[in-house]
Every structure is written in C-alpha cells, then in structure tokens.
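Sequences and hints are given; from them, build the entire structure.
Protein chains in written order, with the working numbering: chain A, 73 to 373; chain B, 2 to 379.
A few of these clues could be false.
[Stated by the list, open to error] Across the chosen pairs, the derived CB separations fall in these ranges:
| no. | chain 1 | residue 1 | chain 2 | residue 2 | range |
| --- | --- | --- | --- | --- | --- |
| 1 | B | 168 | A | 341 | 15 to 23 Å |
| 2 | A | 177 | B | 188 | 44 to 52 Å |
| 3 | B | 168 | A | 195 | 34 to 42 Å |
| 4 | B | 194 | A | 142 | 51 to 59 Å |
| 5 | B | 66 | A | 137 | 57 to 65 Å |
| 6 | A | 361 | B | 362 | 55 to 63 Å |
| 7 | A | 243 | B | 298 | 36 to 44 Å |
| 8 | B | 345 | A | 130 | 38 to 46 Å |
| 9 | A | 133 | B | 301 | 20 to 28 Å |
No lab work stands behind these hints: they were computed from the structure. All residues carry an ideal CB built from backbone N, CA and C; glycine is no exception.
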Amino acid sequence: MGYFVEQIIFGLTVGSIYALIALGYTMVYGVMKLINFAHGELFALGAFVGFFFLVTLDWGGVFGPALAIGFTVVFVAGATALAGHILERVAYRPLRHSDRLAAVVSALGASIFLQNVIMTVWGAQYRAYNADILPKVVWTVAGQSVSLIRLFVFLTAVAIMAGLYLFINHSRLGLAIRAAAIDQGAAKLMGVDVRRVIAVVFLIGPALGGLAGLLVGVYYGQINFNMGQLYGLKAFTAAVIGGIGNIPGAMIGGLLLGLLETLGDAYVSGAWKDAIAFVALILILVFRPTGILSERVAEKL
Amino acid sequence: MGRRLPYFLLIALAVFFPLFGAGEAKAADAVKIGLMAPTTGAWASEGQDMVKVLNILVDQINAKGGINGALIALSVGDDGGTPKTAALASQRLVTTGVVAVVGTYGSAVTEASQDIYDEAGVVQVATGSTSIRLSEKGLKRFFRTCPRDDEQGRVLANQVKALGFVKPAILHDNTSYAKGLADETREIFKELSVKEVYFDAINPGDRDFAVPLSKIRAQNPDVVVFTGYYPEAAMILRQKRDLGWDVPIIGGDATNNRSLVEIAGPEAAAGYYFVSPPGPGDMKSPAALEFFKIYREKHGGLPSSVWAVLAGDAFSVIAEAIKNVGPDSGKIAEFLHSGLKGFTGLSGAIAFDEKGDRIGEVYRLYKVDDKGEFVLQN
Numbered sequence: 073m074g075y076f077v078e079q080i081i082f083g084l085t086v087g088s089i090y091a092l093i094a095l096g097y098t099m100v101y102g103v104m105k106l107i108n109f110a111h112g113e114l115f116a117l118g119a120f121v122g123f124f125f126l127v128t129l130d131w132g133g134v135f136g137p138a139l140a141i142g143f144t145v146v147f148v149a150g151a152t153a154l155a156g157h158i159l160e161r162v163a164y165r166p167l168r169h170s171d172r173l174a175a176v177v178s179a180l181g182a183s184i185f186l187q188n189v190i191m192t193v194w195g196a197q198y199r200a201y202n203a204d205i206l207p208k209v210v211w212t213v214a215g216q217s218v219s220l221i222r223l224f225v226f227l228t229a230v231a232i233m234a235g236l237y238l239f240i241n242h243s244r245l246g247l248a249i250r251a252a253a254i255d256q257g258a259a260k261l262m263g264v265d266v267r268r269v270i271a272v273v274f275l276i277g278p279a280l281g282g283l284a285g286l287l288v289g290v291y292y293g294q295i296n297f298n299m300g301q302l303y304g305l306k307a308f309t310a311a312v313i314g315g316i317g318n319i320p321g322a323m324i325g326g327l328l329l330g331l332l333e334t335l336g337d338a339y340v341s342g343a344w345k346d347a348i349a350f351v352a353l354i355l356i357l358v359f360r361p362t363g364i365l366s367e368r369v370a371e372k373l
Numbered sequence: 002m003g004r005r006l007p008y009f010l011l012i013a014l015a016v017f018f019p020l021f022g023a024g025e026a027k028a029a030d031a032v033k034i035g036l037m038a039p040t041t042g043a044w045a046s047e048g049q050d051m052v053k054v055l056n057i058l059v060d061q062i063n064a065k066g067g068i069n070g071a072l073i074a075l076s077v078g079d080d081g082g083t084p085k086t087a088a089l090a091s092q093r094l095v096t097t098g099v100v101a102v103v104g105t106y107g108s109a110v111t112e113a114s115q116d117i118y119d120e121a122g123v124v125q126v127a128t129g130s131t132s133i134r135l136s137e138k139g140l141k142r143f144f145r146t147c148p149r150d151d152e153q154g155r156v157l158a159n160q161v162k163a164l165g166f167v168k169p170a171i172l173h174d175n176t177s178y179a180k181g182l183a184d185e186t187r188e189i190f191k192e193l194s195v196k197e198v199y200f201d202a203i204n205p206g207d208r209d210f211a212v213p214l215s216k217i218r219a220q221n222p223d224v225v226v227f228t229g230y231y232p233e234a235a236m237i238l239r240q241k242r243d244l245g246w247d248v249p250i251i252g253g254d255a256t257n258n259r260s261l262v263e264i265a266g267p268e269a270a271a272g273y274y275f276v277s278p279p280g281p282g283d284m285k286s287p288a289a290l291e292f293f294k295i296y297r298e299k300h301g302g303l304p305s306s307v308w309a310v311l312a313g314d315a316f317s318v319i320a321e322a323i324k325n326v327g328p329d330s331g332k333i334a335e336f337l338h339s340g341l342k343g344f345t346g347l348s349g350a351i352a353f354d355e356k357g358d359r360i361g362e363v364y365r366l367y368k369v370d371d372k373g374e375f376v377l378q379n
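Laid out in structure tokens, this is it:
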C-alpha cells in the first residue's frame with residue numbers, strides 16, 4: 073500500500089509538469105485551431121533562461137534561495153512570454169488567413185529554429201543547475217520518503233494551474249478567450265478583440281511552458297537543448313487526451329499520462345513504460361475520440 | 002554548342018587529370034580522411050570534441066609537411082547521433098573519396114554506416130562504439146580504438162565482486178550499448194556465481210527515475226549496476242539522494258564525463274564508481290601531456306570525455322598506416338591488422354586483432370570523491 077502511494081506521488085509530479093506544458097498547446101489550439109509545435113522549444117527556453125539567472129548569474133548566492141527563485145520565476149515567465157509573442161508575430165500572424173497547412177509548416181520551422189538557437193547560444197552539452205538551489209529535505213510520512221523539492225514541483229504546478237483556471241473563468245479577458253475559442257467570428261461581432269485575445273494566449277501559454285522548464289531544471293538538474301522534443305510530444309499527447317482546446321482537459325490529461333507512465337513502470341516493466349502508457353492512451357481515444365473532456369468544448373472552452 | 006565547350010573541357014580534365022603523371026603529382030595531392038561524428042543531436046558535445054581533437058592532429062601533421070609529402074585533408078560528416086543520418090553522412094563521405102574514416106560514437110549509429118563503408122572499400126575506425134556485434138560481421142576493414150562491451154562487462158562484473166558486493170541490481174536504458182553491457186555483465190555474474198536481484202531498463206531521455214529507484218530499493222540490493230549514459234546516471238544519483246537511499250552505484254564508461262558531477266552535484270555523486278578507459282586527465286605519457294597542453298591553449302579545457310581522445314587515436318593509427326603503406330584503403334587495413342606493432346597513441350599502446358578489435362586491457366576503476374573528482378582506483 074505504501075509502495076502504491078509512493079508511485080502515485082511520483083506520477084502526480086511527473087504529470088503536473090506535462091499538464092503545465094499541455095496548457096500551452098491547448099490554449100493556442102482552442103483559440104487559433106493551430107498546433108504550436110514550437111511550444112516544446114519555449115519550454116526548453118524557459119529552462120535555459122532559468123539556468124542563466126540561477127547558475128550563470130548565481131542569483132541563489134546573491135539573493136538567497138527563496139528570493140532567487142521568486143525573481144527567476146518572474147523573469148523566466150517574462151522572457152518566454154516575450155519569445156512566444158515574437159513567435160506569434162513572426163511565424164503565425166502573417167499566416168492567419170492562409171492555408172492551415174502553411175501554419176503547421178511554419179510552426180515546425182519555428183521549432184527547429186528555436187532549438188538551434190538554444191544550441192548555438194548555450195552549446196550542445198548537457199547543462200546543470202546547481203544541486204543546492206533548494207534545500208535537500210526529505211520527510212518520512214507513514215514510512216514513505218517525500219522530498220521537499222518534489223512537493224515543491226507539484227504544488228507550484230498546481231498553484232499555477234489553479235491561478236489560470238480562475239483567470240479563465242472569472243475575468244473579462246478570460247471570458248474573451250473563451251468566447252474566441254468557441255467562435256472567432258461571433259466573438260468579433262460581439263466586440264471581442266480577437267487579435268488581442270490571440271496575443272494574450274501567446275503570452276500565457278509560453279509563460280506556463282517556460283515555468284515548467286524552470287521546474288524541470290530546478291528539480292532534475294539537467295537540461296539540454298533538445299529537451300523540448302520529448303516533453304513537447306508527451307504534453308501534446310496529454311492535451312489531446314484531455315480534449316484539445318479544453319483547459320481543465322489539459323490538466324487532467326497531463327496528470328493521467330504521468331500516472332499511467334508511473335504505474336506501468338512500477339507494476340509491469342520500466343522498459344515497457346512508454347508503450348504501456350501510450351497503449352492506454354490509444355484505448356482512451358478509441359472510446360472517446362475527441363478526448364476526455366471534449367464535449368464541453370462546444371459549450372464552453 | 003560554343004557555350005558548352007568550356008564545361009566539356011572541364012569534365013574531360015576532371016576525368017583524365019588523375020592519369021597525368023601518376024607518380025609524383027599524385028603524391029602531392031592531399032590524402033582525404035573522413036571523420037563521422039555527432040556534431041549535432043543528443044551527443045553533439047562528444048562529436049564537437051572529436052572535431053576539435055582531429056583538427057589539432059591534422060594541423061600538426063600538415064605543419065610538418067604532411068605524410069610522406071602529402072597533406073591531409075579532413076572531411077567531417079555529421080551523423081547527428083542517429084543511424085538514419087549516419088547512413089547519409091557515410092554515403093556523402095564515401096563520395097568525397099576518403100581512404101579511411103574515423104567514427105563514430107554510438108554503436109547503433111556506427112552499425113548503420115558499416116556496410117556503406119565496407120562496400121566502398123573504405124577503412125573505418127570507430128571511436129566509441131563498443132557493441133560486440135560490430136566486429137563479429139567479418140568486415141575486413143572495420144576497426145575500433147575503443148574496447149568491446151564484453152571486455153567492459155567482464156571488468157565491470159569482476160570489479161563488483163572484488164569490491165565485495167553480492168546482491169547487485171542491474172539497470173540499463175534499452176540502447177544497444179547499455180543493453181549489451183547489461184547482458185554481458187549478467188553473463189559474467191553467472192560465471193562468478195553472483196546472482197542479480199533486479200534486471201530492467203529505463204528510457205533514455207527520461208528525467209524522472211523515482212519509480213525504478215523505488216522498485217530496485219524494494220529488492221534490497223547492495224549495489225546498483227547502471228550501464229547507461231551520464232545524463233541519466235547523474236539524475237539517478239541525484240534522485241537516489243532525494244529518496245534518502247545510500248546504496249552505491251557502479252556504472253560503465255558512458256558515465257565517464259565531467260558533466261556527471263555537475264548535474265548530480267558533488268554530494269550526490271560522491272562514492273559513485275565506474276569502469277572506463279582512462280580519462281584525458283589521467284593520460285600521462287609525454288605525447289599525451291603535450292597534446293593536451295595544445296588542446297587546453299586552444300579550447301580552454303580538456304575534452305570532456307575519453308571518446309574524443311580515442312577518435313584522435315583512430316586518426317593517428319590511420320596516419321601511421323598511410324605513412325608505412327601509402328594512402329590505399331586495402332593496404333591500410335592489412336597494415337592495421339598485422340603491421341601495427343609497438344604503436345603508442347594518446348590512450349596507450351594500440352594494436353588490433355584479426356576482427357579489428359583493440360588488443361589489451363584498457364579499463365580502469367574510478368571512484369568519485371567528496372569534491373567530485375574522478376579518482377583512479379587501480
């Protein structure tokens with residue numbers, strides 16, 4: 073039983089990272105019906121911007137751990153939001169009224185471009201966050217060891233997602249985003265500035281992805297320029313499973329994928345972990361082709 | 002027609018030029034040697050180090066007037082660390098007319114290129130590809146300066162036993178290298194009548210290893226043998242510490258990289274064992290010291306692993322062969338099999354057996370100390 077609880081905790085941590093990244097895919101798709109393939113690279117960019125502040129500038133040594141993390145969160149979110157904004161202006165906005173396929177190709181191109189920029193700036197080797205940014209505290213709860221930093225990752229991800237949920241459901245801008253997701257044309261007629269909505273989505277999504285990158289850097293310690301590929305693929309899958317375009321769906325999809333991977337690893341075999349997780353996901357899609365929470369897409373976001 | 006004539010002349014010249022004065026004129030042409038390395042992709046840092054090492058060696062030879070008066074021209078092909086790209090890179094290198102090729106790092110990547118070089122008659126000297134089957138195919142022109150996995154597995158299993166461990170857990174990462182080494186180590190454990198309590202894989206590229214660690218912990222081993230690469234090994238060390246578990250871990254040569262300590266942090270890395278050919282910092286021959294001095298001046302540090310140095314040695318044996326028998330692939334292969342005697346490269350004495358494998362004990366045991374230094378144990 074204790075073993076099972078431990079695995080659930082592991083699964084939720086892994087899944088919360090997937091969920092954070094999946095939100096970026098799903099928000100952009102919801103509003104623009106475009107899969108932003110460069111999102112995984114924005115996630116990697118977040119990890120590297122965090123690396124710049126925490127390791128290159130050593131903010132942990134300058135401000136102390138709590139303040140350093142706080143500042144870094146703000147700067148990483150800001151930098152990736154800015155990158156997302158530029159990406160939208162350069163790679164997507166000019167193609168808004170052209171073929172969907174053109175936008176997809178542009179997204180793929182942006183992904184390769186960003187990945188190579190990261191490699192050129194920070195190098196091809198694995199980069200490491202200091203191991204002592206967060207204190208190493210391990211609690212033993214009911215015979216299970218739970219490390220502070222793992223809890224930190226999970227709680228941060230949950231807090232960010234809760235904030236986003238409140239923003240989308242209880243603010244005017246959130247309402248505009250939901251309206252644009254349902255029907256861009258109708259939203260325009262009702263006075264919603266769709267261009268602004270798209271701009272906002274391209275600030276929030278990349279910022280969330282960037283923060284996920286920072287969490288991965290702080291927790292796992294190792295980052296490299298192509299880390300966005302695997303995480304991007306998994307998060308995209310999570311978004312599809314949850315029902316792409318649906319914000320709570322992305323959260324549920326991410327956590328579910330994390331749990332499936334973890335339990336497959338824990339109870340069957342590590343070598344078959346991904347195969348098990350993806351077979352389960354295919355089964356979900358067979359029975360619910362549009363994802364778990366898809367129905368609500370038509371009514372609300 | 003008039004406009005085509007110059008082209009026609011050019012083509013005619015290109016076709017017949019090699020025939021003019023075959024003797025001296027040909028000797029003055031540059032000898033082309035290829036380097037196939039992962040200069041992009043997941044192993045890009047290894048590949049880029051290989052390019053740096055070879056460029057220095059080529060410059061050294063050319064500064065002395067080349068080999069027997071012929072300059073060396075290095076053609077670099079990027080294999081991207083993937084078999085698919087390697088197939089393209091090797092075809093391209095072959096068409097540039099290289100007599101021999103150095104490379105490459107990953108076993109699966111080398112495997113994709115072996116037949117292409119063999120069919121073209123080009124000598125291939127692999128640098129980091131330790132998978133056994135590469136040299137079991139009867140290819141007469143395939144060599145490697147790195148040892149094979151069975152050699153490494155033998156050393157690894159024996160060291161585990163010598164260190165007094167009796168209940169090992171084995172963890173690999175499903176790559177052909179790591180699985181090969183894990184299988185081999187398990188075989189030798191059988192011979193040594195050591196029974197492993199766990200045998201499974203992780204996925205390379207993953208970052209969260211809490212699940213495999215908790216599974217292994219449930220089997221209560223006294224040592225964990227991890228046969229994968231350093232990025233994963235480092236995160237395993239770090240997460241093992243997060244779990245508050247103090248079992249020792251021993252790994253293979255793919256973890257011999259300074260980044261291991263950077264990623265894991267010195268505290269989590271302390272006490273980690275690995276077997277490996279000696280790293281760049283432990284190569285103390287005069288030639289090696291001189292080479293690394295030049296390398297340090299040029300690039301501000303040592304190559305981050307031994308593999309780039311083994312690429313340098315692969316180049317040096319090819320150069321040695323060309324010096325003795327001339328730039329002919331067939332003769333180079335023959336010379337490397339039987340003529341190479343008493344040759345010392347940066348990593349020590351080099352000779353090849355009939356399969357093209359390197360002869361001689363190369364592996365050493367290392368332990369990471371409290372400061373994160375790799376300390377040679379024996």
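So, going through the hints one by one against the coordinates:
no. : hint                          : verdict
1   : 168(B) <-> 341(A): 15 to 23 Å : 20 Å, holds
2   : 177(A) <-> 188(B): 44 to 52 Å : 50 Å, holds
3   : 168(B) <-> 195(A): 34 to 42 Å : 40 Å, holds
4   : 194(B) <-> 142(A): 51 to 59 Å : 57 Å, holds
5   : 66(B) <-> 137(A): 57 to 65 Å  : 59 Å, holds
6   : 361(A) <-> 362(B): 55 to 63 Å : 60 Å, holds
7   : 243(A) <-> 298(B): 36 to 44 Å : 59 Å, violated
8   : 345(B) <-> 130(A): 38 to 46 Å : 43 Å, holds
9   : 133(A) <-> 301(B): 20 to 28 Å : 23 Å, holds
Violation of the numbered hints given earlier is confined to hint 7; every other hint is satisfied by the structure.
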